[in-house]
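Protein chains: 2
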Amino acid sequence: MPEFAHRLAKAQALMKKADLSALLLTTEPDVRYFTGFLTRFWESPTRPWFVVIPAQGQPIAVIPAIGAHLMGQTWITDVRTWRAPNYDDDGIGLLADTLTEVTSAGERIGIPDQMETHVRMPFSDLNRLQQRLKSRMFASDAAIVRNIRMIKSDAEVLKIQTSCDIAERAFDRVAEIAQAGVPLSQIFRKFQALCLDEGADWVAYLAGAAGQGGYADVISPAADDPLENGDVLMLDTGLVTDGYFCDFDRNFSVGPPSQQVQSAHDTLMRATQAAFDIARPGATMADLFYAMNDVVNPDASGSDAGRLGHGVGMQLTEWPSIIPDDHTPLAAGMVLTLEPGVVVFGDKMMVHEENIVITVNTPQFLSRFQPEKMRVI
Amino acid sequence: MPEFAHRLAKAQALMKKADLSALLLTTEPDVRYFTGFLTRFWESPTRPWFVVIPAQGQPIAVIPAIGAHLMGQTWITDVRTWRAPNYDDDGIGLLADTLTEVTSAGERIGIPDQMETHVRMPFSDLNRLQQRLKSRMFASDAAIVRNIRMIKSDAEVLKIQTSCDIAERAFDRVAEIAQAGVPLSQIFRKFQALCLDEGADWVAYLAGAAGQGGYADVISPAADDPLENGDVLMLDTGLVTDGYFCDFDRNFSVGPPSQQVQSAHDTLMRATQAAFDIARPGATMADLFYAMNDVVNPDASGSDAGRLGHGVGMQLTEWPSIIPDDHTPLAAGMVLTLEPGVVVFGDKMMVHEENIVITVNTPQFLSRFQPEKMRVI
Numbered sequence: 018m019p020e021f022a023h024r025l026a027k028a029q030a031l032m033k034k035a036d037l038s039a040l041l042l043t044t045e046p047d048v049r050y051f052t053g054f055l056t057r058f059w060e061s062p063t064r065p066w067f068v069v070i071p072a073q074g075q076p077i078a079v080i081p082a083i084g085a086h087l088m089g090q091t092w093i094t095d096v097r098t099w100r101a102p103n104y105d106d107d108g109i110g111l112l113a114d115t116l117t118e119v120t121s122a123g124e125r126i127g128i129p130d131q132m133e134t135h136v137r138m139p140f141s142d143l144n145r146l147q148q149r150l151k152s153r154m155f156a157s158d159a160a161i162v163r164n165i166r167m168i169k170s171d172a173e174v175l176k177i178q179t180s181c182d183i184a185e186r187a188f189d190r191v192a193e194i195a196q197a198g199v200p201l202s203q204i205f206r207k208f209q210a211l212c213l214d215e216g217a218d219w220v221a222y223l224a225g226a227a228g229q230g231g232y233a234d235v236i237s238p239a240a241d242d243p244l245e246n247g248d249v250l251m252l253d254t255g256l257v258t259d260g261y262f263c264d265f266d267r268n269f270s271v272g273p274p275s276q277q278v279q280s281a282h283d284t285l286m287r288a289t290q291a292a293f294d295i296a297r298p299g300a301t302m303a304d305l306f307y308a309m310n311d312v313v314n315p316d317a318s319g320s321d322a323g324r325l326g327h328g329v330g331m332q333l334t335e336w337p338s339i340i341p342d343d344h345t346p347l348a349a350g351m352v353l354t355l356e357p358g359v360v361v362f363g364d365k366m367m368v369h370e371e372n373i374v375i376t377v378n379t380p381q382f383l384s385r386f387q388p389e390k391m392r393v394i
Numbered sequence: 018m019p020e021f022a023h024r025l026a027k028a029q030a031l032m033k034k035a036d037l038s039a040l041l042l043t044t045e046p047d048v049r050y051f052t053g054f055l056t057r058f059w060e061s062p063t064r065p066w067f068v069v070i071p072a073q074g075q076p077i078a079v080i081p082a083i084g085a086h087l088m089g090q091t092w093i094t095d096v097r098t099w100r101a102p103n104y105d106d107d108g109i110g111l112l113a114d115t116l117t118e119v120t121s122a123g124e125r126i127g128i129p130d131q132m133e134t135h136v137r138m139p140f141s142d143l144n145r146l147q148q149r150l151k152s153r154m155f156a157s158d159a160a161i162v163r164n165i166r167m168i169k170s171d172a173e174v175l176k177i178q179t180s181c182d183i184a185e186r187a188f189d190r191v192a193e194i195a196q197a198g199v200p201l202s203q204i205f206r207k208f209q210a211l212c213l214d215e216g217a218d219w220v221a222y223l224a225g226a227a228g229q230g231g232y233a234d235v236i237s238p239a240a241d242d243p244l245e246n247g248d249v250l251m252l253d254t255g256l257v258t259d260g261y262f263c264d265f266d267r268n269f270s271v272g273p274p275s276q277q278v279q280s281a282h283d284t285l286m287r288a289t290q291a292a293f294d295i296a297r298p299g300a301t302m303a304d305l306f307y308a309m310n311d312v313v314n315p316d317a318s319g320s321d322a323g324r325l326g327h328g329v330g331m332q333l334t335e336w337p338s339i340i341p342d343d344h345t346p347l348a349a350g351m352v353l354t355l356e357p358g359v360v361v362f363g364d365k366m367m368v369h370e371e372n373i374v375i376t377v378n379t380p381q382f383l384s385r386f387q388p389e390k391m392r393v394i
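Line by line, the protein sequences give chains E and C.
28 is the number that the working numbering gives to position 11 of the first sequence; each next residue is one higher, with no gaps.
344 is the number that the working numbering gives to position 327 of the second sequence; each next residue is one higher, with no gaps.
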């Protein structure tokens with residue numbers, strides 16, 4: 018399996034530089050990235066799952082017995098299990114033994130400790146593990162996992178492209194399910210069904226809003242209020258196929274858009290295009306921010322949304338972020354969302370989002386860049 | 018809002034007993050339980066969300082500005098925000114200031130640290146927070162949050178009932194989408210669409226399997242293999258309405274079941290009934306385990322699945338677990354899954370699951386207990 022072997026080799030090379038004798042992985046994307054272990058069972062918060070990357074040799078899975086069959090179908094051969102849940106020792110002893118086996122006293126064990134991650138185990142177990150391994154040192158993974166995951170392989174880009182294509186086809190069918198009079202909550206349900214019908218494995222994320230000439234919030238659940246003429250309907254989905262997300266939105270005007278709404282749409286398209294035009298190696302995330310912000314928000318340095326885009330892949334949102342403080346240089350294989358927002362009528366907003374992949378030359382849209390004329394339903 | 022005020026009062030009474038001057042909440046269900054903050058935006062791992070429960074007074078939300086509008090619609094009045102993501106300080110300063118304000122030097126701050134939870138913030142930020150608050154002590158929350166959440170209010174039971182009813186209606190329609198020749202992956206997509214059509218807000222979890230006379234694994238993604246006559250198809254869903262899960266499965270025989278399969282089904286029904294019959298205050302979780310295990314697995318003390326059921330509510334799986342070591346006494350308001358499994362043909366299994374609520378008298382099924390005859394499609 019060259020893809021996984023390649024990921025492992027990259028990690029082990031960086032571990033050597035960072036003086037780390039092992040990596041301890043605990044989250045769904047980190048575990049999956051190095052093993053291929055794909056299951057929705059992570060929705061259950063009960064069981065912890067651990068993968069240890071040693072300085073040399075293959076990754077070791079330290080997992081509940083219920084996962085042995087599925088992990089056994091990946092490229093991982095060293096699978097150590099316990100019967101979880103176990104109130105006396107829910108895998109911590111087995112994990113400590115494994116980490117002791119692959120490291121020596123005084124050596125450092127890296128844990129991904131940056132933004133967009135956390136240590137997925139009970140806090141009491143994390144403390145217990147640190148007690149058990151006092152002769153080792155827990156340290157930052159020096160962003161190794163994040164930095165490797167940031168650059169997608171061709172196979173990964175293809176999976177994200179597949180999710181984008183499915184979402185586009187679902188967005189193209191929104192007129193089938195959304196008209197004036199239909200409650201937003203029903204539109205949310207039916208849109209998810211459209212995504213599934215077009216081939217999504219599941220719809221991990223759907224947000225949206227509708228309001229006269231714009232909306233006030235982009236993270237609220239759908240209310241039962243019916244759509245009205247003059248509303249702007251926004252749907253933003255992160256659907257998943259084969260474990261990879263897309264993340265983009267589409268706006269629809271219920272009836273012909275007002276001049277202000279069409280103008281806001283135009284502004285969003287210009288902002289997106291401005292970032293797209295410079296999105297190639299040599300530019301930074303901050304450059305993308307200013308390219309968009311100069312169009313949508315020329316008088317200020319940001320908005321409450323906090324950023325104008327981000328990475329996307331095995332997670333709905335990944336490192337890096339399009340903010341002034343992010344100086345990450347763009348590199349071929351990075352998949353990003355461009356997500357400008359604009360204020361309409363003083364207290365409402367409209368947001369727009371596309372997905373792109375950075376290449377050695379010009380970037381490519383993975384979603385289909387929206388035309389000048391706003392979609393009308 | 019009597020429901021939320023009641024939750025807060027219970028927490029603060031237990032905090033006093035446990036000598037905790039504040040609780041720090043970081044996970045979606047814990048934050049929502051005390052605030053009502055419901056959004057799918059948690060799917061994005063980028064932003065942390067914090068709620069502080071002081072010894073007296075109202076909860077304080079310390080959250081990214083993008084959530085201010087939605088949090089402002091809950092009963093919470095003290096909402097403190099920062100623009101996230103912020104690479105210099107992603108809310109830790111604001112959180113430390115808030116915790117300092119509501120506690121005094123030497124006092125203890127409780128963090129939920131038990132099974133089924135974790136601290137949802139980057140590990141480096143957790144370390145930074147502990148550094149900033151050296152004059153306070155971080156301690157276990159003494160299972161306060163878990164224990165309060167374990168007993169559901171009538172309003173919560175009603176929400177779970179709603180999710181169960183929706184899932185039952187979807188299961189009743191499985192013959193519409195599943196026949197011999199249809200790939201399992203397509204059945205998964207169409208079943209999720211059925212759940213949405215019947216009223217689910219979203220389908221957070223779907224697992225399942227199909228195989229001749231049983232299946233080998235209950236957590237794998239669906240393959241593209243078509244259903245065949247003689248297969249047993251199992252679908253297990255945790256769909257969500259108004260933020261509450263159901264969690265149960267149904268088995269279907271493709272064509273008339275073999276005698277072994279029907280017999281396995283009978284065994285599973287008898288096991289479920291045996292646990293149901295004793296599920297009332299006075300019994301413990303261990304009692305439920307042995308009631309079922311004596312029927313499905315009389316020669317052994319457990320299986321790789323590790324447990325025969327668990328709590329369900331704001332999470333797909335919650336405390337407590339139906340295992341021999343769990344001596345939690347049943348109490349009115351606990352919502353549980355009964356989930357026996359049985360080995361078929363030596364290397365395959367069948368699992369069954371129902372949802373019940375404990376009352377002061379006999380329990381009640383929230384799902385519809387399955388009849389003796391196995392469902393045939």
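If you're looking for bench data, these hints aren't it; they were derived computationally from the structure.
Here the structure is a predicted model, which means the values were calculated and not measured.
Watch out, some of these pointers could steer you wrong.
Claimed, not checked - Some chain E residues close to chain C (C-beta under 7 Å, calculated; not the full set):
hint, residue
1, PHE140
2, MET167
3, ALA210
4, TYR222
5, GLY230
6, ASP234
7, THR334
As the list claims (entries may be wrong) - Per label pair, the in silico range of CB-to-CB distance:
hint, chain 1, residue 1, chain 2, residue 2, range
8, C, GLN73, E, ALA240, 33 to 39 Å
9, E, ASP342, C, GLU118, 39 to 45 Å
10, E, GLY110, C, LYS33, 54 to 60 Å
11, C, GLN73, E, ASN144, 26 to 32 Å
12, C, PRO19, E, PHE386, 48 to 54 Å
13, C, SER202, E, ALA240, 46 to 52 Å
14, C, SER121, E, ASN144, 21 to 27 Å
15, E, GLU185, C, THR117, 20 to 26 Å
16, E, GLN90, C, LYS33, 49 to 55 Å
All C-beta atoms in this analysis are idealised placements derived from N, C-alpha and C, irrespective of residue type, glycine included.
Status of the hints after comparison with the structure:
{"no.": "1", "hint": "PHE140", "in the structure": "4 Å, holds"}
{"no.": "2", "hint": "MET167", "in the structure": "14 Å, violated"}
{"no.": "3", "hint": "ALA210", "in the structure": "4 Å, holds"}
{"no.": "4", "hint": "TYR222", "in the structure": "4 Å, holds"}
{"no.": "5", "hint": "GLY230", "in the structure": "17 Å, violated"}
{"no.": "6", "hint": "ASP234", "in the structure": "4 Å, holds"}
{"no.": "7", "hint": "THR334", "in the structure": "4 Å, holds"}
{"no.": "8", "hint": "C:GLN73 - E:ALA240: 33 to 39 Å", "in the structure": "34 Å, holds"}
{"no.": "9", "hint": "E:ASP342 - C:GLU118: 39 to 45 Å", "in the structure": "27 Å, violated"}
{"no.": "10", "hint": "E:GLY110 - C:LYS33: 54 to 60 Å", "in the structure": "35 Å, violated"}
{"no.": "11", "hint": "C:GLN73 - E:ASN144: 26 to 32 Å", "in the structure": "29 Å, holds"}
{"no.": "12", "hint": "C:PRO19 - E:PHE386: 48 to 54 Å", "in the structure": "51 Å, holds"}
{"no.": "13", "hint": "C:SER202 - E:ALA240: 46 to 52 Å", "in the structure": "33 Å, violated"}
{"no.": "14", "hint": "C:SER121 - E:ASN144: 21 to 27 Å", "in the structure": "24 Å, holds"}
{"no.": "15", "hint": "E:GLU185 - C:THR117: 20 to 26 Å", "in the structure": "49 Å, violated"}
{"no.": "16", "hint": "E:GLN90 - C:LYS33: 49 to 55 Å", "in the structure": "51 Å, holds"}
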